[in-house]
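Single-letter residue listing:
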Amino acid sequence: EAGVAQSPRYKIIEKRQSVAFWCNPISGHATLYWYQQILGQGPKLLIQFQNNGVVDDSQLPKDRFSAERLKGVDSTLKIQPAKLEDSAVYLCASSLGGTGAQPQHFGDGTRLSIL
Amino acid sequence: DAKTTQPTSMDCAEGRAANLPCNHSTISGNEYVYWYRQIHSQGPQYIIHGLKNNETNEMASLIITEDRKSSTLILPHATLRDTAVYYCIVIKSSGDKLTFGTGTRLAVRP
Chain G
1 EAGVAQSPRY KIIEKRQSVA FWCNPISGHA TLYWYQQILG QGPKLLIQFQ
51 NNGVVDDSQL PKDRFSAERL KGVDSTLKIQ PAKLEDSAVY LCASSLGGTG
101 AQPQHFGDGT RLSIL
Chain Y
1001 DAKTTQPTSM DCAEGRAANL PCNHSTISGN EYVYWYRQIH SQGPQYIIHG
1051 LKNNETNEMA SLIITEDRKS STLILPHATL RDTAVYYCIV IKSSGDKLTF
1101 GTGTRLAVRP
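As they're listed, the protein sequences go chains G and Y.
Quick note: the first sequence uses this note's numbering, first residue 1, plus one each step.
Quick note: the second sequence uses this note's numbering, first residue 1001, plus one each step.
If you're looking for bench data, these hints aren't it; they were derived computationally from the structure.
Check the hints yourself; a few may be wrong.
Said to hold, decoys possible - Sample of chain G residues at the chain Y side, in silico, Cβ under 8 Å: (1) G42; (2) P43; (3) Q48; (4) D56; (5) G100; (6) G107; (7) G109.
Note that beta-carbon positions come from the ideal geometry of N, C-alpha and C, so glycine has one too.
Generate the whole structure from the sequences, applying the supplied hints.
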């Protein structure tokens, strides 16, 4: 079974520029999550999708971050404009149905550096 | 979700069992115990989860105390590749975000 795919693996941009990350979840997984992991900390949820609907985006900085999951499969996360504090690893995870009985599986993330 | 407490760091010898404890004294009856690990430069890797009963899979065993207030992750024969940060997380059965604490940094020594 193929895992969660993310691209790009690394991205370096200057502050105030825009950037987008892509995620392809495990086939058949209805629930998709984006997490942000700042160096030295554990991942923190940004947004959760169930199929193509948003379940939880309470921690997403909506003035600069946006995410979509068209057709309930792939997802993109965008930052515009980027700030220095956005330097982090952005992790995508997916699970079969989003219940506590179904584990989330993570990709290896996109490491974003802001200059 | 219930809060978890783990030791900051542990070490064990290669080939020996690694026993990683986790305290979750405020856990509710409908909350699962999950274990993930994160190896440097990789995303978190799911290891195992349980509700009330002990669980075993190809990676590890999970022992949950009868009162469910604590649990132990057992890696039966640790290898150098098991060196990682291990996270114990409690999550509602209805589903929720994973709340990662600081975890336990396990070092497996040759």
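We went through each hint and held it up to the structure:
1. G42: holds, 3 Å
2. P43: holds, 5 Å
3. Q48: Given a least distance of 6 Å, the restraint on G/Q48 holds.
4. D56: holds, 7 Å
5. G100: At 4 Å from the nearest chain Y Cβ, G/G100 passes the 8 Å test, so the hint holds.
6. G107: holds, 5 Å
7. G109: Where the cut-off is 8 Å and the nearest Cβ of chain Y is about 5 Å from G/G109, the hint holds.
When each numbered hint is compared with the structure, no violation occurs for any of them.
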